[in-house]
Amino acid sequence: MFALQSRPESSDAHLVEAILAGSEAAFATLVERFQDRVVRLCGRYCRDQVECEDLAQEVFLKVFRKLHTFQGDSQFFTWLYRIAVNAATDHLARASTRRLKLVDDDVAFDARTARVDDPSAPMVAAETAVAVRAIVDALPEKFRTILVLREFEDLSYTEIAEVLQIQIGTVESRLFRARQRVKEAMLRLHPELLPGVGEAAPRGGSR
Amino acid sequence: MTLTQRDDSLLQRHLDGELPADAAAAFAARLLVEPELARAVDAARAQRALLRTAAGSARQPSARFAAGVVAAARQLPTRQQLEQADLVATAIRVCRQVLVAAAIVAAVGALWHAGMIGPTRTDTLQASPGALEQDIHQLDIRIQSGAVPPPATERSR
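Which chain is which? The protein sequence lines are A and B, in order.
So that you can map any letter, position 7 of the first sequence is 6 in numbering that gives the first Met the number 0, and since no number is skipped, the others follow by simple counting.
So that you can map any letter, position 59 of the second sequence is 58 in numbering that gives the first Met the number 0, and since no number is skipped, the others follow by simple counting.
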């Protein structure tokens, strides 16, 4: 048994090793270490907190069951993200069969970004967020996922390539196409959100 | 003037922070002298800012989330248990295959023993015409001596 309580700074590799040796404390440490990121990622694909935590739990249990297959040739968190993205897209596929409308209840308003002197700002910000979110949610899954990983989770091209197991060139071109689709949808549905964008960079072709 | 595909790529990588330092510096220098490119960068930056508003306030795990996950994991079989279960399943599968093979062999043996399968009678077909004629002649003698009853067709005549 590994004395992990006394080593909260244990590396991911040590934690994995300890979990494989049967340490429950190591698994608890791992969950605590990554729960924020996994729950945040799952939240991009879920309607509410309960559904989100159910999905995040499913992710951690998959990690627990498959941990012996982790080769250690990539960062642990990209391996974890891969499992989370797969679970989330499976969840989306199941949800789409039930025609769920994803993520409406508490999209959006971050009070820290609101202007205090404009009482209408929170409402406008929330409406904008809902409109943009609807556009992102309507994207095909591969475009949606890559935007989530880049724009919301702030992963680098290399990390995205590892998570999705694609080439960096594919990451770049897929991101470009995803952003192009978002821009086209915004200009079509909410042109007021992108004043002047329609005129700039008019090439707009897809790659 | 429109952006080339290469400029699109540079612009995207510039805003994503994926350009190497020297390429980033060169691109920044171009922005000072190419207003069209600078406008495209501003537009792309505005779009990204808008996209990020959709990120909203990220969800946070509840206080008991980690404990719940660990408790759920505790209900799962351990790796050793899974390996043992795999071993048992393999043993059962092998035993079942051996039993099926033994049953098939036993059934074939029983059928063979009962004469339902195996070589068919070919002694008549393989007999020489002379030996056959001799057999028929001896049978005629035995019929005439009454040792063997004549065939039904003979009796009815």
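In case anyone wonders, no lab produced these hints; they're calculated from the structure.
The structure displayed is predicted, hence computed values, not measured ones.
Using N, Cα and C, we set each Cβ at its ideal position, and we do this for glycine too.
One or more of the hints may lead you astray.
Unchecked claim - So, partial list: chain B residues that the calculated Cβ filter (under 8 Å) puts toward chain A:
1) ARG47
2) SER61
3) GLY67
4) ARG73
5) LEU75
6) ALA105
7) VAL107
8) ALA109
9) LEU110
10) HIS112
To see whether the hints hold, each was checked on the structure:
{"no.": "1", "hint": "ARG47", "result": "holds, 7 Å"}
{"no.": "2", "hint": "SER61", "result": "holds, 7 Å"}
{"no.": "3", "hint": "GLY67", "result": "holds, 7 Å"}
{"no.": "4", "hint": "ARG73", "result": "holds, 7 Å"}
{"no.": "5", "hint": "LEU75", "result": "holds, 7 Å"}
{"no.": "6", "hint": "ALA105", "result": "violated, 43 Å"}
{"no.": "7", "hint": "VAL107", "result": "violated, 45 Å"}
{"no.": "8", "hint": "ALA109", "result": "violated, 48 Å"}
{"no.": "9", "hint": "LEU110", "result": "violated, 49 Å"}
{"no.": "10", "hint": "HIS112", "result": "violated, 53 Å"}
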